[in-house]
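Novice: Let's have the full structure, built from the sequences with the hints guiding it.
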Amino acid sequence: MREFANLVLNESEKIYRKKRIFVVMLILAILIPLFVYAQYREIETTQKRLGTTDWKVSLQQQIVDSQNRLNNSRLPEEWRDWLKVRVEQQQYYLDHDINPMAPGAPTFVRAFIEQGITLFIPLLVMIVAIDIVSGERSDGTMKMLLTRPIRRWKILLSKYVTMLFFISLILFLVGLFAYILSGLVFGYSGWNLPVLTGFVIDKETLNTNFVHLIPQWQYILMAYGLAWFVAIVVGTISFMVSVLIRNTPAGMGVMLAALIAGGILSSFATSWEGAKYIFSVNLSLTDYLSGKLPALQGLSMGFSLMNLTVWAVVSLVISFVVFTRQDMVN
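The numbering of the sequence shown is my numbering, which starts it at 1 and goes up by one.
Do not take every clue at face value.
As the list claims (entries may be wrong) - Here are the in silico distance ranges between beta carbons for each label pair:
1) L50 with L213: 24 to 30 Å
2) L50 with N10: 54 to 60 Å
3) N247 with D65: 35 to 41 Å
4) L305 with D81: 31 to 37 Å
5) V313 with R74: 41 to 47 Å
6) L305 with G187: 30 to 36 Å
7) R41 with N247: 38 to 44 Å
8) M301 with Q61: 27 to 33 Å
9) L123 with L184: 37 to 43 Å
10) A5 with E44: 51 to 57 Å
Said to hold, decoys possible - List of simulated lysine-lysine pairs, BS3-like, C-alpha gap at most 25 Å:
11) K84 with K56
12) K154 with K18
13) K154 with K14
14) K84 with K292
15) K56 with K292
The set of hints was computed from the structure by calculation and includes no laboratory data. Positions of the beta carbon are idealized from the N, C-alpha and C atoms, including for glycine.
Specialist: Right, dumping it as structure tokens:
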């Protein structure tokens with residue numbers, strides 16, 4: 001046990017020396033203030049256009065705008081379905097006197113996690129995970145590591161455990177930076193604001209039979225749990241790519257293409273049944289909490305969780321089989 005703990009500590013020191021976690025912190029420190037400013041300007045512009053700070057007036061105007069778009073005969077069918085669900089959901093918030101986007105740092109954190117779960121957070125995870133094996137093969141330290149009297153599977157497991165720790169650290173930093181920086185503008189209150197969840201999409205219509213109120217802090221915890229699961233899956237797949245592909249830039253290109261492909265397939269391959277089995281199409285797990293229309297027909301929370309679990313397990317098995325059996329030095 002002490003030997004394995006030393007391996008994990010050694011791997012943690014390697015990642016720390018590469019300054020990857022500082023790169024993540026720098027990205028967050030630069031981009032989150034931009035996102036905060038963009039949201040602040042959007043709120044300010046909307047209030048000036050409507051001539052009021054009343055959120056009900058703003059929400060009513062959003063409903064009217066969406067209904068006007070629905071009257072456009074040229075609107076694609078998938079956009080029409082999405083707008084119908086959105087209008088029904090916004091009307092439900094209005095009827096029950098609940099502001100879905102009450103200003104405050106907790107609301108910003110919730111929105112940031114919901115928007116970042118498909119690409120931004122996976123990209124941050126990829127920065128740490130993609131070269132955890134391939135990087136050592138490139139600089140020659142893998143040969144020295146494998147000459148030690150330690151089983152290969154134990155070496156790889158220590159790398160994987162270290163990766164899980166740093167993924168969890170990244171998620172913590174995302175929430176911390178988002179809360180602190182947005183709170184400077186929007187304030188730090190709002191943890192107990194009511195949030196509606198339980199919306200169910202049934203054949204492109206909104207089913208509100210299971211809708212219930214929960215405090216915002218509970219919703220954020222649920223969203224964070226789903227984001228952490230997505231980050232672990234993306235990290236595990238990146239881990240496999242790092243084992244299979246010796247060149248780190250090539251591995252990064254493969255993962256980047258795979259992540260972007262999810263968004264493209266969601267828009268252009270809506271009629272292809274096989275698209276829903278691709279992992280990057282199933283990353284928007286928070287959409288099921290908020291009641292958004294799934295990216296493709298046939299997707300559900302259960303299906304997406306199962307699909308991502310299978311991808312993670314298969315990737316992990318492939319990683320260990322390849323690492324323990326193939327020549328990882330030359």
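Novice: Below or equal to 25 Å on CA atoms is what counts here, so check K56 against K292.
Specialist: Measuring from Cα to Cα gives roughly 21 Å; hence the hint holds.
Novice: Do the beta carbons of V313 and R74 sit within 41 to 47 Å of each other?
Specialist: 44 Å, holds
Novice: Hey, K84 versus K292, does the alpha-carbon distance stay inside 25 Å?
Specialist: Since the Cα atoms of K84 and K292 sit roughly 11 Å apart, the hinted pair holds (cutoff 25 Å).
Novice: Just to be sure I understand the hint, the distance between the Cβ atoms of L50 and N10 should be within 54 to 60 Å; is that true here?
Specialist: Distance hint for L50, N10 holds at roughly 58 Å.
Novice: Evaluate the given range 38 to 44 Å for the C-beta pair formed by R41 and N247.
Specialist: Holds, since R41 and N247 (Cβ atoms, about 42 Å apart) stay within the stated range.
Novice: Range first: 37 to 43 Å. Now tell me if the beta carbons of L123 and L184 are that far apart.
Specialist: 25 Å, violated
Novice: Using the C-beta atoms of A5 and E44, is the stated range 51 to 57 Å upheld?
Specialist: About 52 Å separates the Cβ atoms of A5 and E44, which means 51 to 57 Å holds.
Novice: Given a hinted range of 31 to 37 Å, is it respected by the beta-carbon distance of L305 and D81?
Specialist: 23 Å, violated
Novice: Using the Cβ atoms, figure out if L50 sits within 24 to 30 Å of L213.
Specialist: Hint holds: Cβ distance 27 Å, inside 24 to 30 Å.
Novice: Holds or violated: are the alpha carbons of K84 and K56 at most 25 Å from each other?
Specialist: This hinted pair holds, its Cα atoms lying about 19 Å apart.
Novice: Taking only the CA atoms, is the gap from K154 to K18 under or equal to 25 Å?
Specialist: 22 Å, holds
Novice: Given the hinted pair K154 and K14, is their alpha-carbon gap at most 25 Å?
Specialist: Status holds; Cα separation ~17 Å.
Of the numbered hints given earlier, the model fails hints 3, 4 and 9; all others are met.
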